[in-house]
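Trainee: One-letter residues, chain by chain:
Number of protein chains: 2
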Amino acid sequence: DLHPPESYFGRETLNRLSAKRTDRVWLEVKQSDPDTVYLLFSNLSPMVSGPKEDGSTKLCRFRYEAVKDLLQKLATVLVFLGVERRKKPSSSSDAAELLKRCGEKNCCFPKTPNRDLLRFSEDEAGVVAQARSVLAWHSRYSFCPTCGGSTALEEGGYKRSCLNPGCRSLKGVHNTCYPRVDPVVIMLVIHPDGNQCLLGRKKMFPVGMFSCLAGFIEPGETVEEAVRREVEEESGVKVGPVRYVSCQPWPMPSNLMIGCLAVAVSTAIKVDDDEIEEARWFPRQQVIDSFRGTRVTFTVPPRQTIAHQLIRHWIAVNSNL
Amino acid sequence: DLHPPESYFGRETLNRLSAKRTDRVWLEVKQSDPDTVYLLFSNLSPMVSGPKEDGSTKLCRFRYEAVKDLLQKLATVLVFLGVERRKKPSSSSDAAELLKRCGEKNCCFPKTPNRDLLRFSEDEAGVVAQARSVLAWHSRYSFCPTCGGSTALEEGGYKRSCLNPGCRSLKGVHNTCYPRVDPVVIMLVIHPDGNQCLLGRKKMFPVGMFSCLAGFIEPGETVEEAVRREVEEESGVKVGPVRYVSCQPWPMPSNLMIGCLAVAVSTAIKVDDDEIEEARWFPRQQVIDSFRGTRVTFTVPPRQTIAHQLIRHWIAVNSNL
Ligand SMILES: Nc1ncnc2c1ncn2[C@@H]1O[C@H](COP(=O)(O)O)[C@@H](O)[C@H]1O
Ligand SMILES: Nc1ncnc2c1ncn2[C@@H]1O[C@H](COP(=O)(O)O)[C@@H](O)[C@H]1O
Ligand SMILES: [Mg+2]
Ligand SMILES: [Mg+2]
Ligand SMILES: [Mg+2]
Ligand SMILES: [Mg+2]
Ligand SMILES: [Mg+2]
Ligand SMILES: [Mg+2]
Ligand SMILES: [Zn+2]
Ligand SMILES: [Zn+2]
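Sequence order for the protein chains is A and B. Number 132 in my numbering belongs to position 132 of the first sequence; there are no gaps in the numbering. Position in the second sequence (first residue = 1) + 1000 = my numbering.
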């Protein structure tokens, strides 16, 4: 069994120390600790330096002194992300250097998340995924969905409690108080002959790009049933066996992409025009050519996506890619 | 590779026909169609008949005529569940019979979901999971979390839109308008020696029962990382490889339980007292004895739970259970 590599956005370099979230004193001490590192987000975009010539960007890091005025502002949302698992050897001159650089040219909050969030190292991508998902939740869920009242941020940014003392949400434990994660199935559908796969494109895709079908898991559904339902809805193809391969957090805003291989039991395609512009069976060799960059007839999504990894995984199982 | 059976709550007997949710005319015609079947819920409990001697219950089914007064009430929430995949041979006398029975003694809305929702056939359990999860969402999310305004039910019960015309939630597509599904990891942790598994108990469990550890997937996390984090948080045990086995919708209120086997790379146990009362390594033979009902030293959760299925799966892989 060949396993695809760890997913972009999926690496955990921080220990979340969730037990500390309820320890106000500990959090407060850490807040002004000179070793504490801050990342800044504006409109759900992290402040970065770059891109460098190779297109990569790096998160800007700040110390308490540099952000303490921001922390006073009412509109600022503070989230405790965790502590580094491996302490990086960071001399104080490094920190000063980073600070200086951040205050200078070439730092920005990039504007196109779908593209710009794919330029980080694997280490930084994991932190960005966590931070952005939690911040997106705060930006969309600042009112209590149970009573419409205002809420207050608690537990290091991992909880919002209703400020209306009579609210039902305060009796017992309810998901309304916790960040939302939306599970999504994303699947590479294999032709019954084993030698073709089904890929589709949405109107908003870059020209020539085809990708895996995907859809939100609905209430009361298993992963496997969601795969069958979404594939049939979007392409008209019926699916039999489904196998989980790997998953990826996708912080736009807070999805969990659950990647599967699915074996088709019918082949006629009838696309749902509302969602899909075109769907086609692609012969294995044509897919291999796309990866190799030889005789390219279509493009696959970038390597940072689980769609790319699923397609590559299928190819790798029986070829030498 | 041995696969565990289809999960209770996971069977889809209905075709959800999600494309019809936006077709108001179609939905309205179906609403008064004499063949349409209605289920009734009160406080998230379905109306059932039974339990019979064997402890099983059956959903009460109603026709339009019997519920049309309810449909007029403002407080009634109507959800379109789907159409039956296999048309059941139902003569009109069957329907009359059902209706009569429902009006009579022995029908009720059971009060203890954790126990009472486990008494259905597999076919009915799947429908109950779907209906209860969507209804729970309506009962907790009737206000817009983005602005605190009121919302209106749309798309056959699968969407709530903010009634405040200036609300940000109306620009673009946002998860605030759609039912929430919370992904949870549930895992059987295997000792490095391969011959023991880690089970724990919460204070609220029935006396003597031990089960798999479980926890909510957090924003920015993969299934595999969530398994590692939750196991370490709850038991102090460190986990290496993780393998997905199967999943289960758990409509209390709307979780998706993602079941995994996980191999421990450390063995010392240190429980998180806030959540877990006790955790222990159980030798394989002791677990087999519990399933067989011979020399029982602890009990496992009921067969309808994915925890039960994961434990049975592990036992089955190397024994003849
Ligand atoms: N949690 C959610 N977030 C965003 N859109 C959702 C969600 N759940 C259902 N939808 C709907 O699903 C559509 C995308 O289709 P799909 O991804 O194939 O399920 C969106 O345009 C929404 O209408
Ligand atoms: N979506 C959610 N629904 C309910 N509780 C949650 C949720 N997310 C986090 N929690 C918290 O997680 C606790 C249960 O721990 P665990 O299931 O081990 O993650 C609850 O008591 C809540 O404090
Ligand atoms: Mg889709
Ligand atoms: Mg969908
Ligand atoms: Mg879809
Ligand atoms: Mg737990
Ligand atoms: Mg947890
Ligand atoms: Mg936990
Ligand atoms: Zn409230
Ligand atoms: Zn609103």
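Take these hints with a grain of salt, some might be off.
Residues from chain B that face chain A, not an exhaustive set, calculated with beta carbons under 10 Å [said to hold, decoys possible]:
#1 R1011
#2 F1143
#3 V1181
#4 S1246
#5 Q1285
Per label pair, the in silico range of CB-to-CB distance [to be verified]:
#6 B:M1204 / A:P34: 23 to 33 Å
#7 B:S1161 / A:R303: 31 to 41 Å
#8 B:S1266 / A:V83: 39 to 49 Å
#9 A:S42 / B:S1161: 39 to 49 Å
For the record, the hints were derived by calculation from the structure and aren't laboratory data. Quick reminder that beta carbons are idealized off the backbone N, C-alpha and C, glycines included.
Trainee: Give a verdict on every hint.
Mentor: Outcome of the hint check:
1. R1011: With Cβ-Cβ at 8 Å, under 10 Å, it holds.
2. F1143: The hint holds - F1143 (chain B) has a Cβ within 10 Å of chain A, the shortest such distance being about 4 Å.
3. V1181: holds (6 Å)
4. S1246: The hint holds - S1246 (chain B) has a Cβ within 10 Å of chain A, the shortest such distance being about 8 Å.
5. Q1285: violated (29 Å)
6. B:M1204 / A:P34: 23 to 33 Å: The hint (23 to 33 Å, Cβ to Cβ) is violated, given that M1204 (chain B) and P34 (chain A) are roughly 44 Å apart.
7. B:S1161 / A:R303: 31 to 41 Å: holds (37 Å)
8. B:S1266 / A:V83: 39 to 49 Å: Since the Cβ atoms of S1266 (chain B) and V83 (chain A) sit about 20 Å apart, the hinted range of 39 to 49 Å is violated.
9. A:S42 / B:S1161: 39 to 49 Å: violated (28 Å)
Hints 5, 6, 8, 9 from the earlier list are contradicted by this structure; the remaining hints agree with it.
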